[in-house]
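2 protein chains.
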Amino acid sequence: MMLDVILLGTGGTMPLKNRWLSSCLVKYMGHSVLFDCGEGTQIALKQSENKFKPIDILCITHFHADHISGLPGFLLSMSNEGRCEPVTIIGPVGLKRVVQSLCVIAPGLPFGLRLLEYPSDIQELVFGDIKITPFQAEHGIPCLGYNLKLHRAGKFDIEKAKKHHVPMKIWGQLQKQKKVLYEGVEYQSSMVLGAQRKGLKITYCTDTRPTENIIAHAKNADLLIYEGMFGDNEKLPRAIETGHSLFSEAGELAKAAGVKKLWLTHYSPSLTEPMEYENAVKSIFPNTEIGYDGKQESLFFSE
Amino acid sequence: MMLDVILLGTGGTMPLKNRWLSSCLVKYMGHSVLFDCGEGTQIALKQSENKFKPIDILCITHFHADHISGLPGFLLSMSNEGRCEPVTIIGPVGLKRVVQSLCVIAPGLPFGLRLLEYPSDIQELVFGDIKITPFQAEHGIPCLGYNLKLHRAGKFDIEKAKKHHVPMKIWGQLQKQKKVLYEGVEYQSSMVLGAQRKGLKITYCTDTRPTENIIAHAKNADLLIYEGMFGDNEKLPRAIETGHSLFSEAGELAKAAGVKKLWLTHYSPSLTEPMEYENAVKSIFPNTEIGYDGKQESLFFSE
Numbered sequence: 087m088m089l090d091v092i093l094l095g096t097g098g099t100m101p102l103k104n105r106w107l108s109s110c111l112v113k114y115m116g117h118s119v120l121f122d123c124g125e126g127t128q129i130a131l132k133q134s135e136n137k138f139k140p141i142d143i144l145c146i147t148h149f150h151a152d153h154i155s156g157l158p159g160f161l162l163s164m165s166n167e168g169r170c171e172p173v174t175i176i177g178p179v180g181l182k183r184v185v186q187s188l189c190v191i192a193p194g195l196p197f198g199l200r201l202l203e204y205p206s207d208i209q210e211l212v213f214g215d216i217k218i219t220p221f222q223a224e225h226g227i228p229c230l231g232y233n234l235k236l237h238r239a240g241k242f243d244i245e246k247a248k249k250h251h252v253p254m255k256i257w258g259q260l261q262k263q264k265k266v267l268y269e270g271v272e273y274q275s276s277m278v279l280g281a282q283r284k285g286l287k288i289t290y291c292t293d294t295r296p297t298e299n300i301i302a303h304a305k306n307a308d309l310l311i312y313e314g315m316f317g318d319n320e321k322l323p324r325a326i327e328t329g330h331s332l333f334s335e336a337g338e339l340a341k342a343a344g345v346k347k348l349w350l351t352h353y354s355p356s357l358t359e360p361m362e363y364e365n366a367v368k369s370i371f372p373n374t375e376i377g378y379d380g381k382q383e384s385l386f387f388s389e
Numbered sequence: 087m088m089l090d091v092i093l094l095g096t097g098g099t100m101p102l103k104n105r106w107l108s109s110c111l112v113k114y115m116g117h118s119v120l121f122d123c124g125e126g127t128q129i130a131l132k133q134s135e136n137k138f139k140p141i142d143i144l145c146i147t148h149f150h151a152d153h154i155s156g157l158p159g160f161l162l163s164m165s166n167e168g169r170c171e172p173v174t175i176i177g178p179v180g181l182k183r184v185v186q187s188l189c190v191i192a193p194g195l196p197f198g199l200r201l202l203e204y205p206s207d208i209q210e211l212v213f214g215d216i217k218i219t220p221f222q223a224e225h226g227i228p229c230l231g232y233n234l235k236l237h238r239a240g241k242f243d244i245e246k247a248k249k250h251h252v253p254m255k256i257w258g259q260l261q262k263q264k265k266v267l268y269e270g271v272e273y274q275s276s277m278v279l280g281a282q283r284k285g286l287k288i289t290y291c292t293d294t295r296p297t298e299n300i301i302a303h304a305k306n307a308d309l310l311i312y313e314g315m316f317g318d319n320e321k322l323p324r325a326i327e328t329g330h331s332l333f334s335e336a337g338e339l340a341k342a343a344g345v346k347k348l349w350l351t352h353y354s355p356s357l358t359e360p361m362e363y364e365n366a367v368k369s370i371f372p373n374t375e376i377g378y379d380g381k382q383e384s385l386f387f388s389e
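The listed protein sequences correspond, in order, to chains A and B.
Going by this note's numbering, the first sequence opens with residue 87, and the numbers climb by one from there.
Going by this note's numbering, the second sequence opens with residue 87, and the numbers climb by one from there.
The hints are all genuine.
Just so you have them, the derived chain B footprint on chain A, three or more residues with Cβ under 8 Å:
| # | stretch |
| --- | --- |
| 1 | 99-107 |
| 2 | 122-134 |
| 3 | 146-160 |
| 4 | 180-187 |
Because the hints were derived from the structure by calculation, they are not lab data.
Predicted, not measured: the structure shown is a model, and the values here were computed from it.
Where is the CB? At the ideal position from N, CA and C, for every residue including glycine.
All chains, please: the whole structure from these sequences, using the hints.
Written out as structure tokens, the structure reads:
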């Protein structure tokens, strides 16, 4: 079991000739979740050789165009690829109004849209083995960060299975399903599994100033994907004014949250060479990687 | 005096990895007109090394997403480049509703939008030396083709100037301006110029079935830019069903309209190699060129 994480784009505000707007795809067991969907995301997805159809959930951070303008085209391409099952979209308050407005040019989709505003409609969303938890960022307008956690069941415990008189024939099934009905008796997976083990946690957060709330939510994440709008520390006044973060602030936040790894994304169009600031941010948080379009990694359960 | 024509993209329905959605830029004397603005048009414009700011008029053919989904991002990039002057957008009935809906993610633009629906708000638009005339196409939903004509004044006529007692000092000015006030007397350019000469005419038409109305409007165009959704003649039923044209129909239409040159654009995503059908369409209309992203040409006045 693992999570595949792919940065489809790493641009902020405006796409560049060779940099897509920020968007991130997370894949697990044949399903996918997309974070943000700015203009061109559908092309970036194609370039990454991924598919539209397995994407069940779109998490939108906020309604600045660079994070949602690609939505109508993206949904149309999903339908073009044969998607029929409902698609869930999570976002801040106002999601329904914005999505319905944008979908004026995507009428008659062959699948339903389940639009969930945080915090009014949901606090968290459990979907199969993953749990998505939005939290508040700080960007001047309503803006969300997201935690995505992949659940990991406990180890199979033969003594426990025997104690609960679980027939050997369904031991395998109960490691995959929550419950199994066998010869008229219902058995729970908890009857054969030990304590839940550490799963995987990804935190995605852009656009925002660094805050204590983000640190609390990103705590011990396996991967923090966080905005790095400006590399140069002298841009702090501009970062404060526009509700963004410096590379160095991203590094400090990663350190305070004790995450395993930090990926930077969402660069200002003026920041054409983010690698120039790599060493500076690594001096604050060594396990930082400068994100780029197409960067990907597979995260595995630790043993 | 000339027109520069650039195909920013040549894709229909969905962008491909290496093919932008159909959009065309026409430049003349420091101004520009954009035809259609699907997702990614702002990036295609950047790749073509053109600027946002000189674009005064956007002509939208219809409201399928592949022709307008790039609008919010495009307007935001115009504002980012410092545009302050109003921008005119022409489109079919419904334009105001659609643009206002899409602009939910582009609030507070620093320039006004003048939204003109054809035929209710305008029949034609004269802007400096150009005249834009929309006309009805046939696509199942309201859809417009456009003529863009560059006006060409008559030759300077020295005898006429003398006859009207126009002072020699303003002969030059009157070849550029309609009227000049000199020593308390107003002089008209018609006092120094001969009969108007043949200008330049471009016809842009997608998405549509071929019709007599289009032939009439495209009559004698210097350049007809027309959709070629399908190369294969066996796709005629599909073309009819979806309101599109075959390459061969485009050739027949160009021939019937007596245009000087035909450029094909707006290829189906399934048509990855439009060049394969080049000879077939040239056998109908020899001066056909298979459009591609970035194709450009300068059209000059004939002598």
